[in-house]
Amino acid sequence: MPTQPDLTQLKKLATQIRRDIVRMVHACQSGHPGGSLGCADFFVALYFHVLKHNPKFNMDGRDEDLFFLSNGHISPVWYATLARSGYFDVKELATFRQLNSRLQGHPATHEHLPGIRVASGSLGQGLSVAVGAAQTKKLNRDTRLVYVLMGDGEQQEGQVWEAAMYAAHNKIDNLIATIDYNGQQIDGPVDKILSLMNLKAKWESFGWIVNEFNGNNIHEVIIGLENAKAQTGKGKPVINLMKTEMGFGVDYMMGSHKWHGVAPNDEELKKALAQLEETIGDY
Amino acid sequence: MTKYTFTEKKDTRSGFGAGLHELGKQNENVVALCADLTGSLKMDAFKKDFPDRFFQTGIAEANMMGLAAGMTIGGKIPFTGTFANFSTGRVYDQIRQSIAYSGKNVKICASHAGVTLGEDGATHQILEDIGMMKMLPGMTVIVPCDYNQTKAATLALGKHIGPAYLRFGRPSWPIFTTPDRPFTIGKADKMIEGKDVTILACGHLVWSAIEAEEKLAAQGISAEVINIHTIKPLDLEAVLESIQKTKCAVTCEEHQANGGLGDSIAQALSRFYPTPLEMVAVSDTFGESGTPTQLLKKYGLAPENIIEAALKVLKRKKA
Numbered sequence: 128m129p130t131q132p133d134l135t136q137l138k139k140l141a142t143q144i145r146r147d148i149v150r151m152v153h154a155c156q157s158g159h160p161g162g163s164l165g166c167a168d169f170f171v172a173l174y175f176h177v178l179k180h181n182p183k184f185n186m187d188g189r190d191e192d193l194f195f196l197s198n199g200h201i202s203p204v205w206y207a208t209l210a211r212s213g214y215f216d217v218k219e220l221a222t223f224r225q226l227n228s229r230l231q232g233h234p235a236t237h238e239h240l241p242g243i244r245v246a247s248g249s250l251g252q253g254l255s256v257a258v259g260a261a262q263t264k265k266l267n268r269d270t271r272l273v274y275v276l277m278g279d280g281e282q283q284e285g286q287v288w289e290a291a292m293y294a295a296h297n298k299i300d301n302l303i304a305t306i307d308y309n310g311q312q313i314d315g316p317v318d319k320i321l322s323l324m325n326l327k328a329k330w331e332s333f334g335w336i337v338n339e340f341n342g343n344n345i346h347e348v349i350i351g352l353e354n355a356k357a358q359t360g361k362g363k364p365v366i367n368l369m370k371t372e373m374g375f376g377v378d379y380m381m382g383s384h385k386w387h388g389v390a391p392n393d394e395e396l397k398k399a400l401a402q403l404e405e406t407i408g409d410y
Numbered sequence: 007m008t009k010y011t012f013t014e015k016k017d018t019r020s021g022f023g024a025g026l027h028e029l030g031k032q033n034e035n036v037v038a039l040c041a042d043l044t045g046s047l048k049m050d051a052f053k054k055d056f057p058d059r060f061f062q063t064g065i066a067e068a069n070m071m072g073l074a075a076g077m078t079i080g081g082k083i084p085f086t087g088t089f090a091n092f093s094t095g096r097v098y099d100q101i102r103q104s105i106a107y108s109g110k111n112v113k114i115c116a117s118h119a120g121v122t123l124g125e126d127g128a129t130h131q132i133l134e135d136i137g138m139m140k141m142l143p144g145m146t147v148i149v150p151c152d153y154n155q156t157k158a159a160t161l162a163l164g165k166h167i168g169p170a171y172l173r174f175g176r177p178s179w180p181i182f183t184t185p186d187r188p189f190t191i192g193k194a195d196k197m198i199e200g201k202d203v204t205i206l207a208c209g210h211l212v213w214s215a216i217e218a219e220e221k222l223a224a225q226g227i228s229a230e231v232i233n234i235h236t237i238k239p240l241d242l243e244a245v246l247e248s249i250q251k252t253k254c255a256v257t258c259e260e261h262q263a264n265g266g267l268g269d270s271i272a273q274a275l276s277r278f279y280p281t282p283l284e285m286v287a288v289s290d291t292f293g294e295s296g297t298p299t300q301l302l303k304k305y306g307l308a309p310e311n312i313i314e315a316a317l318k319v320l321k322r323k324k325a
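Protein sequences appear in the order of chains A and B. With the first sequence counted from 1, adding 127 to any position gets you this note's numbering. With the second sequence counted from 1, adding 6 to any position gets you this note's numbering.
If we strip away everything but chain A, and leave its shape as in the complex, we get (with noise of 0.2 Å):
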């Protein structure tokens, strides 16, 4: 039986690491703080509920849950997620962007950041990498699960369905993908620079369990996950269209594409930090 979310701390956890993204990308002035704070509260409840995982990181990672982030350029919230988490020390988010930083602009391996154990950003390959790891996973008889995140836009990448085709054929039914489903994309709204279409029939058709729920609010995250855990196993690859708001929990910053990429000025930053309390304290 899952144990209870303390969801108090949960959401406590999700509010501090929603400060920690704004601040990263304030203090470098790049970086992309939308689709971060959009998943501020799946990283939560994945790294704090859901995966069994060590801090102590070793690149195998046998008799753990493994996780790919695919959608490498929200790598904020992954780091303070991480810092957070114990994987290294909360004072290194300063680093971000920086230069001689293992905090690098996109997750990487090259600087041996814990918690990495794959190159990200160019988009569409973190599914195939993730299925690869799970049929390792399977060859070592590892019963533990691979998750990867994955961002909506990034469903126009054709190598995101060759793996989608492969997964399927292959009955890889120890992994669980998720979509950031949130509708937004640098150049403007997913729907009117190429359209997802029916994406809940398409990967249907592709022969995978398919589950919908909102990805901005703890407990529902963590019913939707849960759930997804159960349908592992069955001969079939799950997937999660979880709904995110980009931007959500800074105002201005929601209901539109506008801040996928870009990073506040000073003012702007004191607006999002008031909006966000200090939880757990500032790194």
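Heads up, some of the hints might be wrong.
As the list claims (entries may be wrong) - Cross-link-like lysine to aspartate or glutamate pairs, in silico, EDC-like; alpha carbons within 20 Å at most:
#, chain 1, residue 1, chain 2, residue 2
1, A, Lys356, A, Glu331
2, A, Lys265, B, Asp55
3, A, Lys363, B, Asp58
4, B, Lys304, B, Asp126
5, A, Lys265, B, Glu34
6, A, Lys298, B, Asp58
7, B, Lys165, A, Asp187
8, A, Lys385, A, Asp314
9, A, Lys265, B, Asp58
10, A, Lys298, B, Asp42
11, B, Lys251, B, Asp202
Calculated directly from the structure, the hints in this document are not laboratory data.
Assemble chain B onto chain A, guided by the hints.
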């Protein structure tokens, strides 16, 4: 005087297939992936004997590279197999980000490289792959010369750690090295001692260089032939040692002059020992349909071209 002859011809891709099969027996962490070219890559024996470790990806090379990168997490050693064009140009970004930049222990094994692919024509005859792959930081690039050496290189890759590109081909080609000839990644293999000119070759053209050497010897010219099976890391010491003796060199490869073996040697010589150098390589053009022999001749990669280049570079040395 070292002499090389052959009694048998075989394709280098079969050397890969045999090496992979052997590796399958040696190490249960070796896995193989193939994008719908199992027969062409000679991966059938591995597939038959290790079905649980063979992964058919379908015609989806980008996914295959990502799968391979992911499979290393947990200790597997993936060998991917498809044509050289689809192993490199088609999936360059996947290799760059998920394999090379991520430092994954993936062995990218590529057949049907170069014009000796023959009749399929230029769409499949990649002549740029060595350049693309050697530019990736940390990528080892190996171009073995015959069946035995391709098998040896495959076996060596089973023990090597890090991303690597192994390039081989389709045509039936003389087997002129012995199965027990030592093969070390990154260590050039001196085939023939000489003193007048150094011929540095890789892949199929090592045999062509040996044929050229014999004809040069008949004209009283002593050529040293070195098999640079590892383009990267380059065995600079062996290259310089030979060229400091002969004071001139010819490079031979089934690849564009841009980015290939000749390019690596030219860089090394211009920095460490400026010396007259001629390149036998494809000169900024695509290939076409034809037989391997016809194409090698038309694109200037035949033994006659090596002889011509040697005579030219010798003249430049004297001047």
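Hints and how they fare:
Annotation: proposed proximity of Lys356 (chain A) to Glu331 (chain A) holds, straight-line Cα distance about 18 Å (limit 20 Å). The straight-line distance between the Cα atoms of Lys265 (chain A) and Asp55 (chain B) is roughly 19 Å, inside the 20 Å bound, and the hint therefore holds. Of the supplied pair hints, the one linking Lys363 (chain A) and Asp58 (chain B) holds, its CA atoms being roughly 19 Å apart against a limit of 20 Å. Straight-line distance between C-alpha atoms of Lys304 (chain B) and Asp126 (chain B) comes to about 16 Å, which keeps the hinted pair within the 20 Å bound.
A threshold of 20 Å between alpha carbons decides the hint, and for Lys265 (chain A) with Glu34 (chain B) the separation of about 14 Å falls inside it, so the pair holds. Pair hint Lys298 (chain A) plus Asp58 (chain B) holds up; C-alpha atoms about 14 Å apart against a cutoff of 20 Å. The hinted pair formed by Lys165 (chain B) and Asp187 (chain A) meets the criterion: a straight-line CA distance of about 18 Å does not exceed 20 Å. Pair hint Lys385 (chain A) plus Asp314 (chain A) holds up; C-alpha atoms about 9 Å apart against a cutoff of 20 Å.
Between Lys265 (chain A) and Asp58 (chain B) the alpha-carbon distance is near 10 Å, which keeps this suggested pair within the 20 Å criterion. Between the alpha carbons of Lys298 (chain A) and Asp42 (chain B) the distance comes to roughly 19 Å, so the proposed pair stays at or under 20 Å and holds. Our distance criterion of 20 Å between C-alpha atoms is met by Lys251 (chain B) and Asp202 (chain B), whose separation comes to about 8 Å.
In this structure, every one of the numbered hints holds.
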